[in-house]
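S.K.: So the chains spell out like this:
Protein chains: 2
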Amino acid sequence: MAPTLEGSNDALMPDFPRGPLHAYRARASFSWKELALFWDGADMLRFKKTLFSTLENDPLFAQQRGGDLSMEKYRELNFLRCKRIFEYDFLRVEDMLGSPLKVLGLVTCLGTYDWSLATKVFLHMLTFGSTIYSSGSERHFKYIPKVFNMEIFGCFALTELSHGSNTKAIRTTAHYDPTTEEFIIHSPDFEAAKFLVGNMGKTATHAVVFAQLYTPGGQCHGLHSFVVQIRDPKTLLPMPGVMVGDIGRKLGQNGLDNGFSMFHKVRIPRQDLLNRTGDVTPEGTYVTPFKDSRQRFGASLGSLSAGRVVIVAMSVVNLKLAVSIALRFSATRRQFGPTDEEEIPVLEYQMQQWRLLPYLAAAYAFDHFAKSLFLDLVGLQQGLLENDRSARQAELGREVHALASAGKPLASWTAQRGIQECREACGGHGYLAMNRLGDLRNDNDPNCTYEGDNNVLLQQTSNYLLGLLAHGDPGGARFQSPLKSVAFLEAYPALLGQRFQVASLKDCLDSSVPLAAYEWLVCYLLRESYEKLNQEKRSGSNDFTARNNCQVYYCRSLALAFLELTVLRRFHEHTHQPGVPPPLRAVLQRLSALYGLWSLSQHMALLYRGGYCSGEQAGKMVESAILALCSQLKDDAVALVDVIAPPDFVLDSPIGRANGELYKNLWTTILQESKVLERASWWPEFSANKPVIGSLRPKL
Amino acid sequence: MAPTLEGSNDALMPDFPRGPLHAYRARASFSWKELALFWDGADMLRFKKTLFSTLENDPLFAQQRGGDLSMEKYRELNFLRCKRIFEYDFLRVEDMLGSPLKVLGLVTCLGTYDWSLATKVFLHMLTFGSTIYSSGSERHFKYIPKVFNMEIFGCFALTELSHGSNTKAIRTTAHYDPTTEEFIIHSPDFEAAKFLVGNMGKTATHAVVFAQLYTPGGQCHGLHSFVVQIRDPKTLLPMPGVMVGDIGRKLGQNGLDNGFSMFHKVRIPRQDLLNRTGDVTPEGTYVTPFKDSRQRFGASLGSLSAGRVVIVAMSVVNLKLAVSIALRFSATRRQFGPTDEEEIPVLEYQMQQWRLLPYLAAAYAFDHFAKSLFLDLVGLQQGLLENDRSARQAELGREVHALASAGKPLASWTAQRGIQECREACGGHGYLAMNRLGDLRNDNDPNCTYEGDNNVLLQQTSNYLLGLLAHGDPGGARFQSPLKSVAFLEAYPALLGQRFQVASLKDCLDSSVPLAAYEWLVCYLLRESYEKLNQEKRSGSNDFTARNNCQVYYCRSLALAFLELTVLRRFHEHTHQPGVPPPLRAVLQRLSALYGLWSLSQHMALLYRGGYCSGEQAGKMVESAILALCSQLKDDAVALVDVIAPPDFVLDSPIGRANGELYKNLWTTILQESKVLERASWWPEFSANKPVIGSLRPKL
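Line by line, the protein sequences give chains A and B. In this text, residue positions in the first sequence follow this note's numbering: the first is 623, and each later residue adds one. In this text, residue positions in the second sequence follow this note's numbering: the first is 623, and each later residue adds one.
One or more of the hints may lead you astray.
Same chains, same names: a pair is fine if it fits in one copy or spans any two.
[As the list claims (entries may be wrong)] In the PhoX-like style, the derived pairs of lysine-lysine whose C-alpha atoms are separated by at most 25 angstroms in a straight line are:
#1 Lys1154 x Lys1128
#2 Lys856 x Lys695
#3 Lys1106 x Lys1159
#4 Lys1286 x Lys1297
#5 Lys1297 x Lys695
#6 Lys671 x Lys1321
If you are wondering where the hints come from, they were derived from the structure by calculation, not from laboratory data.
Can you build the whole structure from these sequences, using the hints too?
M.R.: What follows is the structure, given as structure tokens:
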């Protein structure tokens, strides 16, 4: 590398302070700066650095994690920060199209700082703004500049109190009145109140509201979306007929105001129907380019895929933060040792390595997956905007949908479990709020249920795969998916004849081993699910019951295994491509192997049961390989964290700081807390007002 | 049953209001009142009812879950409630000995209401109070009445900032000064500050402090415990030389004030050494009945076992509450259905049954285990107090220690995972703080790390089992443990020849099937762990390294499987005993089978790998049996919840209320929240102070 570039890298990635983490850093097999450049690219690194430094230099963004911020204050602060983000305008609208990954970069950087802020910005600008853009037409573009200059504030209102997953059963109505050319938005009762809507609680002035569209004469045309003004931007008071409120405290993201609303015959102009998939003429005639309401419904909910892809990336951020904290802690926390005199870092224990390093590998694997899937989505959306009606575009839509629908569950669950493991791996220190693992868990929590409950979403993916098998001609063109994620099925069912054949532990240390096993596993689960479904149908179940009775152990496992395979395949290919700088190959390939084998190891029962593995050796070899990779990676762990951890100010965890001064960081932070050494204001309740024991004893 | 008893049962267990849950209640295969009587007994039911009604009738205990209670206010409220508990004096000291299960009942009832309160009371009365009683001698009994009339307030200070698991390395010192007959308690630096100590943050006046005892001349006699006054009861101001403060917000239990303290040469009377295991004469000579400091150390920490047993029971409470909420929700939440017109309760879906019913079964299994293990502990402690030096007593001590050391990890993890599953199974409604699943998760969280990190504790149990194998004579007397939990090892290694032999699905629906499989599994893991350990040692590892390298996949799995077997065995025996009323047998035996098979199903890979199972049928049969049991139990689920759920006031979850009016309960609760419909106080920040987009744009 040329010296000038070296110099600029040092400015972009300054060296870490020398301290307790130095020993591990010195033992790393690679340069963390070289990996950072390869992983993110200089352009993205600069973008992140600018954004993070800007926040750090602005007192409005001072962190107050351990403190006692009331919900109201947090929401105010979060709104002020949101507004400040618009003033910073880190990514101009005109730049978004040029570098779409930066859109994801903006959301994830803000989320790395605080998810309440990121979701507030994201729901307004991207969910609300881009739904209007993609579901509406030219007559709605007037809203877009108002979104981007915050003249109005938006939210996306689909879910109701009594309906979430079953969106088709949503009960809010929109009756068209041709005499005034208006729609009448109405909630029949409180069970049809829009519910859990982010930004609706206190700030939104406008909502994209999903409602059943009725034309005069009473015909229902199914779910459509409308732009409904819910508050007056001048006063933030509700519009006439709108009852809008806050749903209160949630498990996480409490800077975001989630709300509810009921509409009492609220009239909106005909033009505020978002009319890309269906429209009503001034006279009241319904027109749509779709023949079938099911088809139209699918197209109108298509924009949900984007949300799922973003949640994959959100989950990855949380996992990266958690493993960064837990691994820096583990490299500096010493406990026990071979002699009473010498204590060793807990990272030296095989147990601690096994608990944490697979999640580090998963963080890298999913980080790559999130970015690549986002680019696939961008490709898909470009086609949609260009009105591409080709078969390839349609197939791409199905494939991205299938990947997003299982990617979101897999990523959010992996993050949830990983955060919990990290929190426990930090013992009592992980239990302190100031160290952030609790907030990470709480803020990641909704990723498991919103934008589609994880278990329900997985059905989309298994349906896609079963559909390929049912309609496809095995070995035929159907499996030539645009992104090649099902290309391996061309070899179905022959793949089922494959067996685990690894001669030595050394041969087991590459991700090609779990990759081959996963291909067998997905074929096996596909066959089993297909047969189970047919058996259910043959035994007289209707389609609804038959599908429900083949989720557990069959379709659910199929969808997850398929996504694990896809994440692994992309990571394997990324780490084995010729463009990887030679000094980085070993460590990246180890990460890929570790993620693959560890993920696969959950499925050993099926591998044995289905005959892919036999004998004790296969299982033991997979376990030995996982532990060997952990051991090989433990000296690289701190440097791998240095690549993915944000600056200390953003990471905001005393036990996870880059200087590694675990106890000094903790102690200083504790002593900064409010009233830390003061006696409690209520001390006389102990000292003076003594209880009379048993004075109130109830008769038992 | 006699009519009079019927009448009193109705008063004790009034019928539930008729409502949306009625349909499931009507379909139950048994009477929930009969099961409640069998499960808890009338005496305990009365105790609970009195306690819960008393809290409900006292405005001090009004719930404010969704609200915006500051940490300081919560701690004040929690202290006031703690004091009120002393006024109620639900369980007099003199009654405790007569019905020891009520001690557990008191702790768990208070925890069912709020863990911050229960731990505050428990740490003061039982941890502090009983440590003084059991670790001290007559000269310390003066403290006991002061504990029970709250003249002083106690805490238990073992952990330090830099040492938790490795208690032997604790660095606080206690130097004896014969000239004044005092100990000088000293923290050498902040890393030796006592840390995370419950009640120390704001309230404790006295602490049991663990410190290294030094006699004149500089000899260290290892860790001992001392009663140290840290605050003046008259003022709650710190004693001279004591720096004591609050560690701030934690992930859960924020009504409890966890604290830290540093001692600067704090002098305490010689008599305040808790001297059961070692004492210092006025002249400064150390005397102990133990030959070996390791032995003495073990005895002095023996009281930790009690904490672990109580944590098993605490975890069970959390699991019971979570499944109660999630199952009542699932029985009333309707989503999708066989036709567009008809939606069915989500409990009707096999997926939802499979997600929740095994945790319901686990709640029953662990509830029984917690109670029986507590009684074992009481037996053990009686022996200790009576100075029983028999071989049986020593063996009982080891057995209870082994069961508690793996019981606490297994119960706390099962609860943690179960709560997370319940929270997700309630979708967006589970994400609302008012529904309590978040608080349950957060309050259960420390159970996984305090009183010994789960993974570290498991080693105690595997060491116990390996020790039996190493020293024991297979088939000999060593396996005749007092509680019979290792009696099956008499058939080791012959048991390893057993195979999974179940002829039909019907035969698989009893817990004898997983019981047999677990016996094989524990033997298999025991042999594997033993061989692995020897192999590590043969390859030249020292004892420390050898042990560390056989935890993952070996000793850790061994300890967990052994405890799962024990929990299952006790539940199996309890549900198959002749005393079970005939109408309850079917449902209880199904719960036992479901818990056993579901728990076993995590180990299918090992069962195949080790040859216990072969062929596809075995695995499929276990899965089919789990699903069949779920299906058989789903109509009993609501009634099973009715047995274990506390009254609505205590459960405090709108979606979990007994009336089943899911949406009405939620809606009413939301509208009761503070400022729910008010516009935000900071509305002008949106309406007037508009951002100038890009006005602060940084140079990228």
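S.K.: Should Lys1154 paired with Lys1128 be assigned to within, between, both, or neither, using CA atoms and 25 angstroms as the limit?
M.R.: Between copies only: 20 angstroms across, 38 angstroms inside.
S.K.: When Cα atoms must be at most 25 angstroms apart, do Lys671 and Lys1321 count as within-copy, between-copy, both, or neither?
M.R.: Between copies, since 11 angstroms is at most 25 angstroms while 67 angstroms is not.
S.K.: If the cut is 25 angstroms between Cα atoms, do Lys856 and Lys695 qualify within a copy, between copies, both or neither?
M.R.: Answer is within; shortest intra-copy Cα gap is 21 angstroms, inter-copy 36 angstroms.
S.K.: Could you place Lys1297 and Lys695 in one of the four classes (within, between, both, neither) given a Cα distance threshold of 25 angstroms?
M.R.: Both ways: Lys1297 and Lys695 sit 19 angstroms apart in one copy and 13 angstroms across, limit 25 angstroms.
S.K.: When no copy is specified for Lys1106 and Lys1159, does a C-alpha distance of 25 angstroms or less occur within a copy, between copies, both, or neither?
M.R.: neither (31 angstroms within a copy, 49 angstroms between copies)
S.K.: How would you classify Lys1286 and Lys1297 at a CA-CA limit of 25 angstroms: within, between, both, or neither?
M.R.: This pair counts as within: shortest intra-copy Cα distance 19 angstroms, inter-copy 42 angstroms.
Checked against the numbered hints given earlier, this structure breaks only hint 3.
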